[in-house]
Every structure is written in C-alpha cells, then in structure tokens.
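Q: For the first sequence, our numbering gives the first residue as 90, with consecutive numbering after it.
Keep in mind that the hints were calculated from the coordinates and are not lab data.
One thing to keep in mind: the hints can contain errors.
[Claimed, not checked] Derived DSS-like pairs (lysine-lysine); straight-line CA-CA distance at most 27 angstroms:
hint	residue 1	residue 2
1	Lys321	Lys285
2	Lys124	Lys177
3	Lys201	Lys216
[Said to hold, decoys possible] Derived Cβ-Cβ restraints for the label pairs, each shown as a range:
hint	residue 1	residue 2	range
4	Gln162	Asn380	36 to 42 angstroms
5	Gln485	Asn289	42 to 48 angstroms
6	Gln575	Asp275	20 to 26 angstroms
7	His193	Asn523	27 to 33 angstroms
8	Lys355	Arg237	32 to 38 angstroms
9	Asp159	Asn523	53 to 59 angstroms
10	Asn324	Asn380	25 to 31 angstroms
11	Ala363	Asp268	32 to 38 angstroms
12	Ile556	Leu430	26 to 32 angstroms
13	Ala627	Lys494	36 to 42 angstroms
14	Gln429	Pro202	39 to 45 angstroms
15	Asn621	Arg416	51 to 57 angstroms
Built from N, CA and C at the ideal position, the CB exists for glycine as well.
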Amino acid sequence: MIHFVLQEKLQRAVLEILPDADISSVLIRPCPEPKFGDYQTNALIGLAKRNKLNPRDFATQVIDKIEVTDFCQPIEIAGPGFLNFRLKIDALSATLVDAAKGKHLFYRTALKPRTIVIDYSSPNIAKPMHVGHIRSTILGYALAKTFRLLGHKVVTDNHIGDWGTQFGKLLVGWKQHLDHKALERDALAEMERLYKLVNNDCDKDESILASARKELVKLQDGNTENRAIWRKMINLSRHQFDEIYSRLRVEFDETLGESFYNNRLKGVVDELMAQGIAEESEGAQVVFFNNHKALKKQPAIVQKSDGAANYTTTDLATLEHRQKTWRPSEVIYVTDGRQQLHFQQLFALYDRWKPNHGIKLNHVWFGAILGEDGRPFKTRSGEIIRLADLLDEAEQRAYKTVSKKNPDLPKDERHEIARVVGLGAIKYADLSGNRHSDYVFNWDTMLALVGNTAPYLLYAFTRVRSIFRKLGDESLAQPESFALDQLEELALAKHLLRFGLVLEQVVDECRPNYLCNYLYELAGHFGAFYENCPVLQAKGETRTQRLALCKITGQLLQTGLETLGLETIERM
RNA sequence: GCGCCCGUAGAUCAACUGGAUAGAUCGCAUGGCUACGAACCAUGAGGUUGGGGGUUCGAAUCCUCCCGGGCGUACCA
90 MIHFVLQEKL
100 QRAVLEILPD
110 ADISSVLIRP
120 CPEPKFGDYQ
130 TNALIGLAKR
140 NKLNPRDFAT
150 QVIDKIEVTD
160 FCQPIEIAGP
170 GFLNFRLKID
180 ALSATLVDAA
190 KGKHLFYRTA
200 LKPRTIVIDY
210 SSPNIAKPMH
220 VGHIRSTILG
230 YALAKTFRLL
240 GHKVVTDNHI
250 GDWGTQFGKL
260 LVGWKQHLDH
270 KALERDALAE
280 MERLYKLVNN
290 DCDKDESILA
300 SARKELVKLQ
310 DGNTENRAIW
320 RKMINLSRHQ
330 FDEIYSRLRV
340 EFDETLGESF
350 YNNRLKGVVD
360 ELMAQGIAEE
370 SEGAQVVFFN
380 NHKALKKQPA
390 IVQKSDGAAN
400 YTTTDLATLE
410 HRQKTWRPSE
420 VIYVTDGRQQ
430 LHFQQLFALY
440 DRWKPNHGIK
450 LNHVWFGAIL
460 GEDGRPFKTR
470 SGEIIRLADL
480 LDEAEQRAYK
490 TVSKKNPDLP
500 KDERHEIARV
510 VGLGAIKYAD
520 LSGNRHSDYV
530 FNWDTMLALV
540 GNTAPYLLYA
550 FTRVRSIFRK
560 LGDESLAQPE
570 SFALDQLEEL
580 ALAKHLLRFG
590 LVLEQVVDEC
600 RPNYLCNYLY
610 ELAGHFGAFY
620 ENCPVLQAKG
630 ETRTQRLALC
640 KITGQLLQTG
650 LETLGLETIE
660 RM
C-alpha cells in the first residue's frame, strides 16, 4: 500500500528532473536486508547513466523533490545510488488501523480492469486424468483467482480434447472389444484399455489401421452410430473429470471442447489460403515462417494431406472465437513446456491472419512431470499414476498424521482435516516451485508435512484460530494505533504490507510461487511473533493491538491460501 | 543437424525491471513446552551458482564458447 504511494512520488520527482524519462522501470522494491531499510529503488542508477548524469548527484536531486515525511525517515542514498526508504511507525500503524477496520487487505484492485481468458486443464476424452494434468489445472485456477482478486475479469475455458484421430482407434475398440461390465466399473480405464489394445494391433496389422481410419471418416461425416458412441464416450469421460474437479474444488466458466469448432475449420483453412498465408506442400496446407528465427524450419500444418484439419487449425478457430466473444486483452494457455513450438507457431500465425488483433498471447508453460527414475511420465504407456488414486493416498496419509497428532478430535473432523490438508499438500507442492522447473513426482515430497508446505501454512492459520477460540465471545476492541515495539511485531507488520506487491508480481509473470513464498514467510513471521509476544496474556492496549495483528494475519493467510485454491480449517 | 529449456549447499527447491553479504526446507548438530497448539521456535555447520571468456559501478540472471542433461523438430495434441 504505502509502497505504491512512495513509488508514485518517486516517479513524479524523476519526471520533474527528466521530463522524458521512461518511469515504467522506476520501481520500488523491498530491501533485501532490513539493515538497509524497508524499501529501495535501484532504478536511478541506470537512469542517470543513460542520461550521462552522476548517479549519486542525480539521486540527491530526486530526493530533494520527494515529500515523504508523512511516511518515511529521511531517504538515504547508498552505494552507487540506491535510495533506501525506512517507514515511520506512525505510517505503518495507520495502515494497520485501516486494515483492522476492514478497509483494505494490503492490496489494491486494478485501476483499469482487463479481460483475460485462461485455458487450463484440457484433458483428453477417453483417457484417465493423471498426475500430468494436475499441474495445468492447479496453476491455471490459481492464476485465475489471482487475476480476479486484483479486479480483473477472467474467463476460464476448459479446452477438452474431444476430437481427433484417436477416435478412429477408439471406435474400432468399442465395436469389437468392449467389456460392458468393465465400462460400468471404470469407464475411463476401459476406454483406455480399448485404445491401447487397438493401438498395438495397428502396429502389427495394417488392415486394422485402415479400419480405424474408416471409422474416423464415418465419424467426421456424421454417421449416426459413430456419433452416438462418440457422444457416449464424451459423457462418460466428462462425468469422471467433473468428479476430480469437484474434489479439487476447481471450476470453469466454459467447457468448449475442440469439437465445438468443427464447422469453422474449413473456413479457417480457406481464409489462410485465400490470403496467401498457407500454401500447398507435400499434399498438405502449411504455413512457413521464413523471417522468424526459431520457426524458420518448422512449418505449421493447417490441413493434412488427407484433407483433415489438425490442432493448429482448431486452436486458430478457438482463438478467433475467444476474440469475438470476450474481446480479451490477454489469452493465457497453461500447458507443459513441450508445446512451446506449437504455441510459437500459433501466435505467429494468428498475428498474420488477424493483424492488429491487439491481444497479448501468453503461453504459460511448466516443466515435465518426472518419475523417481528421472524419466518423464508417458501418457500412453508405462506406469501411470491416476489422479483419483493420488488424491486418495494424499488424504489417507494426512489422516494418519492427524490421527496421531490429535487422536481426540472426532473422526468426521479428522477426515475433513485430512481432505483439506492432503489435497492442499498436493496443490501447494505444484504451486510452490518455479513452474519452469521439472516436477519430480515423489510421495514423500508431495505429502511432507514439514517445511515450505501446505500443512505448515494451514497450521499457522489454526494457531491464529486457536487464539480466537480461546477468546470466545469477547468482542474485539478496535486499536487506535499500533506501537509495534517488539521486533517480531514490527517484522510481521512490515511483511503484511507487501502483499499487494506480491500479487502484482504473480499476475505479471504468471508465477503463483511468488505468493507461496510470501505466505511461507508470513507464516514464519507469525510463528516468531507467536512464540515471543503473548497475546491473550497481554494487558490493555498491547493485547488489543496483538489481537488485531492476529486477526489481520489470519485474514491474509486465508485470502492467500484461497487464492491459491487451498481451503483452510479451524484446527488440525 | 537445427531450435527451445535447464545445470545453484549432501538432497529438494528459491532468489522480485541485472543490485547490496546467493536464501529456505529436509537431513545433520545443539538449545527451548508450569505463556495463547512443539505439525512450533531459536542457534550452528554446509556454496568457485557446471567451466572459461566478455559487457557492467554491480552478473546465478545479459552476450559468447565449451561440458552435461531434458524436450521439440511435416501431417498426435
């Protein structure tokens, strides 16, 4: 909060001296070390250099133009030209008083809300969701919630893979090898079995591959029987997807699958051909990107030599639909990093097809899911850990722990705690790392109940709640100010103020791990405060102020965890 | 071959427009429950950021060359 004010004052001061300066990079950041101060800017050094000024002289001039006595001690110049700001307790106190009254929670919503479409999860029909799908789902949903918290309009769209060549094989399997009992028991597992079976047969027998192609063509031509089977496979799959989403508490505004765009595909290809963007090559319609370094040797195929469209075409139609329907300023795709080339092609192609579309096209990619052996999980062969089993085991392990730590809690409550902690642990493990890093799947890492994990944060929250349970019905007095004379109180208070900055970093770079780090540090500050500053035993104004600090910290923890898609519990 | 990504403590990871002494957790060692929950807190050991060169007042971060790994690379998504 205060840092926004400081930043604006700083930027105005810079403009007074250098009216043409680009102030977008004149930013204020927390100091890396408390001994330097609370906030710093290093932007003046580079700015001075670019304008052939002495950085320290320039810094002195800027300071003369900034009026911050309401908020800070005199600004200090350090090293080659850093400015260090040290907050006054009064300013800190005033911000906390407002927060305690519920006027704000240390962030501000966007001055100009944007519309953002976020595409995540996107599982394929007839394949069970596995651990590989969870990262897109969890990341995408956390990003959606963060954008929304900051006041943006978000449209979430689950672009389900409900069309494509795999249905030829599936149809052959369905007609020749379907086990009805198995289908009833576990529809996705049975469909997966059919796919693998036919896929193997195709490798051995050309005629089966031919019949799969025939079934696919019949489906595409609208054959009644094939359409009915296809529709049934979609319904069965979506039913199971919805169960997973319900357990994960993940939602979507739209679920427009690939098939939604079928009747637009031919038109897209025709337009690309008519505009001279696509050209014929080896029987297919392709687009070359000769003046693009990374794409030079990689044409995008928009129509296969058999006349069928493929996923590039579908994605173009999808993007067009999103542009027309929601007029977004940004479209975010949350997928794994292996699709980078595809999205580079897609974005470059869309730029040529719809010049001046003005949309920020953003591929938010994440690292591979690795097994214990360091090899990536395979989707169509090898060991697959099913999402449902994964969630079950997380809950079971958490249940064991809570039963050991707190055997006196009612069984129902222990189950509820285990659900929140177990699922939270999985989600948090996915969110807390840099998304570009590969994800090493490991039960112990995912479900560890110590360290930078969901259980640690949830535990911090239950400690807050525990204080208020003890307090009972006693009504909370509103502090008129905060003394913050204990080190731990001061550190906690200063950390609370940084929340808004962190939220903006999350949406700027689509990296929820910044929020995880922040909450982890917040829990740490609260832990130190909790150990060293008695709350209920304190008297008078000190007690009032510490209770208010607990309340605000609890609200912030809860808001932060909810934004990440985690639930909270009262005790654990 | 070409393109993209990665390489940080024993392990798992972090590091905010390039920024000040590269931070956490696990594990290891030590101390703390007659103060609100010890699933906690505090302290300590542990680093040539794969290697060389360059740009810069300043490099884990940018450029370049090596070494090692992953992924992609014309009709799967």
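Q: Taking the hints in turn, state whether each one holds.
A: Status of each hint after checking the structure:
no.: 1; hint: Lys321 <-> Lys285; verdict: holds (19 angstroms)
no.: 2; hint: Lys124 <-> Lys177; verdict: holds (15 angstroms)
no.: 3; hint: Lys201 <-> Lys216; verdict: violated (41 angstroms)
no.: 4; hint: Gln162 <-> Asn380: 36 to 42 angstroms; verdict: violated (54 angstroms)
no.: 5; hint: Gln485 <-> Asn289: 42 to 48 angstroms; verdict: violated (34 angstroms)
no.: 6; hint: Gln575 <-> Asp275: 20 to 26 angstroms; verdict: violated (57 angstroms)
no.: 7; hint: His193 <-> Asn523: 27 to 33 angstroms; verdict: holds (30 angstroms)
no.: 8; hint: Lys355 <-> Arg237: 32 to 38 angstroms; verdict: holds (37 angstroms)
no.: 9; hint: Asp159 <-> Asn523: 53 to 59 angstroms; verdict: violated (38 angstroms)
no.: 10; hint: Asn324 <-> Asn380: 25 to 31 angstroms; verdict: violated (46 angstroms)
no.: 11; hint: Ala363 <-> Asp268: 32 to 38 angstroms; verdict: violated (49 angstroms)
no.: 12; hint: Ile556 <-> Leu430: 26 to 32 angstroms; verdict: violated (53 angstroms)
no.: 13; hint: Ala627 <-> Lys494: 36 to 42 angstroms; verdict: violated (28 angstroms)
no.: 14; hint: Gln429 <-> Pro202: 39 to 45 angstroms; verdict: violated (30 angstroms)
no.: 15; hint: Asn621 <-> Arg416: 51 to 57 angstroms; verdict: holds (53 angstroms)
The structure is inconsistent with the numbered hints 3, 4, 5, 6, 9, 10, 11, 12, 13 and 14, although it conforms to all the rest.
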